[in-house]
Every structure is written in C-alpha cells, then in structure tokens.
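**Q** Here is what each chain is made of, one letter per residue.
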Amino acid sequence: MSTAAPRLQPQLPPPVIEFRQAGLTYPGPPPVPALTACDLTIQHGEFVTVVGPSGSGKSTFLNIVGLLDAPTEGRYLLDGIDTGSLGDHDRTALRGRRIGFVFQSFHLLPHRSALENVAVAMLYNGVPRKERPARAREALVRVGLGHRLAAVPSRLSGGERQRVAIARALVARPSLLLCDEPTGNLDSANADTVLALLDELHDDGMTVLVITHDQEVAAHGGRTVAIRDGVLREQARV
Amino acid sequence: MRPRRSRTAAVRVEPSRFAVRDTLSESLAGILQRPARSALTALGTVLGVGTFVAVLGLTATTSSQIDGRFNLLTATEVTVEDIAREQNAFAEPGFPADADLRVERLGGVRHAGVFHTVRLDPATGGVRAAPVGGGAGGGERTDVVAASPGALRAAVPRLCQGRLYDEYHSGTRQRVAVLGSGAAARLGITTLDTGPAVFIGAEPFTVIGIIEDVERKAELLLSVAVPRTTAEEIWGAPGGGGTTMLVATEVGAAQQVARLAPTALRPDHPEYLKAVPPPDPRTLRSGVTSDLEQLFLILAGICLVIGAVGIANTTLVAVLERTGEIGLRRALGARGRHITTQFLAESGALGALGGLVGTSLGTLTVVGVAVVRDWTPVVHPATVATAPLLGLVTGLLAGLYPAWRAARIQPAEALRR
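Respectively, the protein sequence lines represent chains A and B. Residues 1 to 238 (this note's numbering) are what the first sequence spells out, left to right. Residues 1 to 417 (this note's numbering) are what the second sequence spells out, left to right.
Isolated chain A, as found in the complex:
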C-alpha cells in the first residue's frame, strides 16, 4: 500500500516506524504470504490503530514492528535504524530500549508485586539498580496505580493489571508503545479506562500503535490502518 507520509525535512527526527516495501512470506512449503510488501510510516507522537479480523496478518505485522520477526522482503526502519542490518543481539537490544509492549494477556509475573513487575522492564537495558524503584513507582503513579505498588497481580482487577503492563511498557522510556489487543481481556468499563490512559499518553507525546480487531478501539486512533489478508490499507476517517 502507499501511505501519505509527509516529506520530512532533514533536520526533523526520522519516523518511528518506516516500512519500505516490507513484507513477510513464511517459507513453507508451500510458501505462505503473511504480509504483502507495503509502505507505512508512523511519525513521532502519532496514535495509529491497525484493525483487522482474526487471521488477517495482524500478528505478523506486530511481530515485525516489535522486532520479534524480520521481514523477508523490503526494509523496516525503527527510529531511522535499518533493522535488516542488525544481528540478533542488536535487534534484541533495540527491542528492549525502543519498544514498550502491551499484551492482551498482560504477561505479568504472578508472584511479583506491581512495582517489581514494572521494574523487570529495566533489567536488561542498563538502568542502574538504584534508579529502578523510583522509576517504577513514577510509572505506576503515571497510570494511576500509585496506591497499589505492593499488590500482586492476583489482587488487581483486569483493568489494573493492564495498567501495570502499560506502566511496565512506559518505564524504559520507549519510542513506541506497541499494544496488542490491549482491551481484549477487559470488560467495557476497564477497557474505557485503559483506552483513556492510552489517549492521555498520546496527548503527552507518546507514539502509540494499537493492533486490534475491535472497530470501536480502532476509532480511538488518530489514524487507522486496516489489514485484511495480509494487505495493509490506510482507512479513511469518517
């Protein structure tokens, strides 16, 4: 697909995400095209939703954007860094530093407190041990959970769990908040709280990319990209 990415001036920072005819075909046999080669640019501070039904290629797209998989054709640039030129270790390091993941199933460590769960995100990216508790606390306060620092996940509501996960994604100060069905496991009240939080973060300048099957959630984004049968297509806003 072609996106209407604005022509950047050289002095501006590079886009957070830039797909240049990036696509992925699973080798098979037979080869299965999962994501058709496409162009996509997401600038700093955008709130983009990618919407599509089950089996449309959402997960493949998420894996490529999240550096969990590499495109088999074209190029994918994250913060201007050509990820195709990186080895596994560098891709892992880049993932840990530049991308904050939010998952549908939260992926919280069940026996750790909210504070510890958030601090885990700073284990691998060189944040000094002494700074971690303060930063984790700050992130939890930011998502409105300053009063639940010591609670373990089983004592938290679904919405609170997802907010802990968002705090964990934020704490490493990533360039991109990558959310995979962030409201998929939540009731509507909790889903609204989480979406409101994402809106707030976006308002604060965070780049947010939400992948969802839910049109209502998709409507939250400033820009929506539809995906169907592995083909990305910019969706006109009504």
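Calculated from the structure, these hints are not laboratory results. Just so it is clear, CB atoms sit at the ideal spot from N, CA and C, and this is done for glycine as well. Treat each hint with caution, since some may be false.
[Stated by the list, open to error] Cβ-Cβ distance ranges computed for the label pairs, FRET-style:
(1) B:A36 with A:A196: 40 to 46 Å
(2) B:R337 with A:G55: 33 to 39 Å
(3) B:N313 with A:R112: 56 to 62 Å
(4) B:R337 with A:Q21: 31 to 37 Å
[Claimed, not checked] DMTMM-like mimics (lysine to aspartate or glutamate), calculated; alpha carbons at most 20 Å apart, straight line:
(5) B:K274 with B:E26
(6) B:K274 with B:E92
(7) A:K130 with B:E233
(8) A:K130 with A:E116
(9) A:K130 with B:E92
(10) B:K274 with B:D98
Given chain A's structure and the hints, the job is docking chain B onto it.
**A** Leaving out everything else, chain B in the frame of chain A:
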C-alpha cells in the same frame, strides 16, 4: 528471500545487559515464588550431599579413634615368624643360633630375641614347685616359654624380685627360670630369698627373678621363661614354625627393621622368615574405610543423581510453565543467553542451597553419632568446603538442558501463550 544484511550500514546499538546481581536476585525470586516445590526439588541434593558429608565425617571420626589406639609401644614392635617349613618341607629351622645378635646389630633395634613355647611331654607332668610326686603344683597348666635373653628384654619387663637371665646364662645353658607374677602365684613362690626352684617335668630350675608386669607379650606373666639354649638342650629344638622373634625398635625404625630383618637373619634364605611390622596407621585407616566408605559414597552418588534428575525435571517443567514469562523477558530485551543464565542460576542456586542444608545435616549426623559413642567428631574442612560446591555443580549440570530449551523458545511464539 530475506534481504542480505548490509554490514556497512551496521548501526551500533547499546547491547542488552543482565548484571550478575540481577541474575542472582531473579533466580532467588524464581525459587522463592514456589517455596514448597523448591524445597522438595532440593531434597535429593540435600540427601546426596548430606550422605556424602556424613560418610566422610564418620569414617574420619572412626579413623581417628583407631589412630588413638596406636601408641609408642605398638609402633616400635616387629615380630619375625619362622615360615621355613611352609617354603620347604625339608628346611631347617629358620632362625640361626645367633639370631639375637644378628638383629640387634641392625640400626634402630633396641632388643631382639627368639622365643617359643615348649611342648612338654604330658607323661612327665607340667611345671611344679616340687619334684614329681612331691605335691605343690599348679592345678592349672603353666606354659613354659623358651626365650633368649633379648626376647625377655624386648618384652620390656618390670621385675618385682630378682633379675632376668642374660647371655651368660644362655651361653652356658644354665637351668634358671624367670617367672611371671601369675605363674609365681600359682606355684606358691612369693620370695626368692629361699632360693626356690621349679620343676619342669623332671628338670629343676632355679628361679632367679619374678616379673611383675610386661609391656609386650602379656602371656609371659602366666608363664615360666627359661633360656632358649637350655630348653633346646633338654627338650630339643621345636618342630617347624613354632619359633618367633620379638624385636623392640626405636621410634620410626620398625618398618625398616621389618624390611631388613629376614635378610640379616638368613642371607641365604630370607624367604624362610616373615617379618610383621606394626600396622601402618594409613593402611589401617584405608582398610577400615575403603569398603563401607565406597558403599556409602556410591549411595551418596545415587542420591545426587536422583537429586539432579529431580532438579532437571522441575526446572524443565518450570521452563514450560513459564514460557509466557520467557517471551516477556525476550520482549523486554533479554537475549537467549540471559534466559539460559537465569535458569542455570536458579537450578544452581537450588543445588547450592540443597548442598548447604545437606552439609549442615551431614555434619550434625557426624556430631550426633560422635556424642552418642563418646568419640571426638572429625570432619575435614575440605569436605565441608567442597560439599556445597558439589550441590552447586549438581544443580548446574541438572539445569543445562532445561536452560538450553528455555533459550531456544521463540519470543513471538511464547508471547502467544
């Protein structure tokens, strides 16, 4: 086709890190999140290491008890046995006539002498304080020992009356006797002032000394000792193999004297004589320990293997259970190596904890047994130092496969769980 990675365009990305302290704290948290399971998992290592320490401690303790039985006396005693007839049915007695002299010439020898028990003809009777038919005789049988003067001295006797016979008595085949205190009491001889005599068979012997105590050959106290030469003149040389030489040596010389004595006595046929040195404490210890120790160490090894299998199994289950967590950590920037390290650290810590508890229990077992038996507990520092390491190594080995599996889990796959 995947696009070729352009090396020239390589960008320097600050690498992921996983500090040692973080590794330890994460592994400890991993262990503590399921304390009961961790405790049960470590049980195998506890038993293995505990058995290891207890076996080594108990054998060291019992060995030290055996060591305590070694004293100056037993360490300076060599006996030489006449085995000439075993080697050659027609051989003459193994000891030459001047046996005492030959051995006493060796360096480190204090006293040496040959002795044998005289076989009396039952018809002529035993030892009596009066002539045959004259009454006063010990109701019990009293042995007659034909001993050279050196043999008597080598027994380190303490006399209560009189003196020992010497080379003059021996050389001139005097009919003199030295009584042990028990034999004297039996024969009713209490003083030498009256010049008492004892009759051995029909032969009278003048009693010239009464031995109150001996340090070696306690049987002398119940015997009548007569010069060997006199005995051989009267009753003839003993039949094959009855003669023994007793050698008292200087401290530390016993082993060497035992090596040299047969050659010094019989340069022509040293094989006719068998020298028995005092048991070497080291060989004795190894003799005592080898059998039981090996058995228990094998049991300890089996416990450790069971422990290792337990840890491997639990860690593998944990890896499968925690696939989502592994995916999350990979998403947060952990490399496969960091995941391996974390799981290895967890299994290693479990093993080390099991090793520490096992070492404590093993040491307590040794102390407990020693207290009950009134022994001094001995546990070598090397055992206590290496035992927890044994646990650690067991844990690490057990964790290798699960940790390798954990590192191979694809993050995208893991995060879908």
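**Q** Verify the proposed pairing of K274 of chain B with E92 of chain B, using a straight-line Cα cut of 20 Å.
**A** holds (15 Å)
**Q** Compare the distance between the alpha carbons of K130 of chain A and E116 of chain A with 20 Å, and conclude whether the hinted pair is satisfied.
**A** holds (13 Å)
**Q** Against the 20 Å threshold, does the CA-CA distance of K130 of chain A and E233 of chain B hold or violate the hint?
**A** violated (101 Å)
**Q** Please work out if K130 of chain A and E92 of chain B have their alpha carbons no farther apart than 20 Å.
**A** The hint is violated at about 93 Å.
**Q** So the hint says 56 to 62 Å: do the beta-carbon atoms of N313 of chain B and R112 of chain A match that?
**A** 25 Å Cβ-Cβ, so the 56 to 62 Å window is violated.
**Q** For the hint 40 to 46 Å, verify it against the beta carbon of A36 of chain B and that of A196 of chain A.
**A** With Cβ atoms ~42 Å apart, the hint holds.
**Q** Given the range 33 to 39 Å, decide if the beta-carbon distance of R337 of chain B to G55 of chain A lies inside it.
**A** Holds: the Cβ-Cβ distance is about 34 Å, inside 33 to 39 Å.
**Q** Hinted pair, alpha-carbon criterion (20 Å max): K274 of chain B, D98 of chain B. Please report holds or violated.
**A** Cα-Cα ~18 Å, so holds.
**Q** Given the hint that K274 of chain B pairs with E26 of chain B, does the C-alpha gap stay at or below 20 Å?
**A** Violated, at about 68 Å.
**Q** Does 31 to 37 Å hold as the CB distance between R337 of chain B and Q21 of chain A, or does it fail?
**A** holds (33 Å)
Against the hints set out earlier in the document, violations occur for numbers 3, 5, 7, 9.
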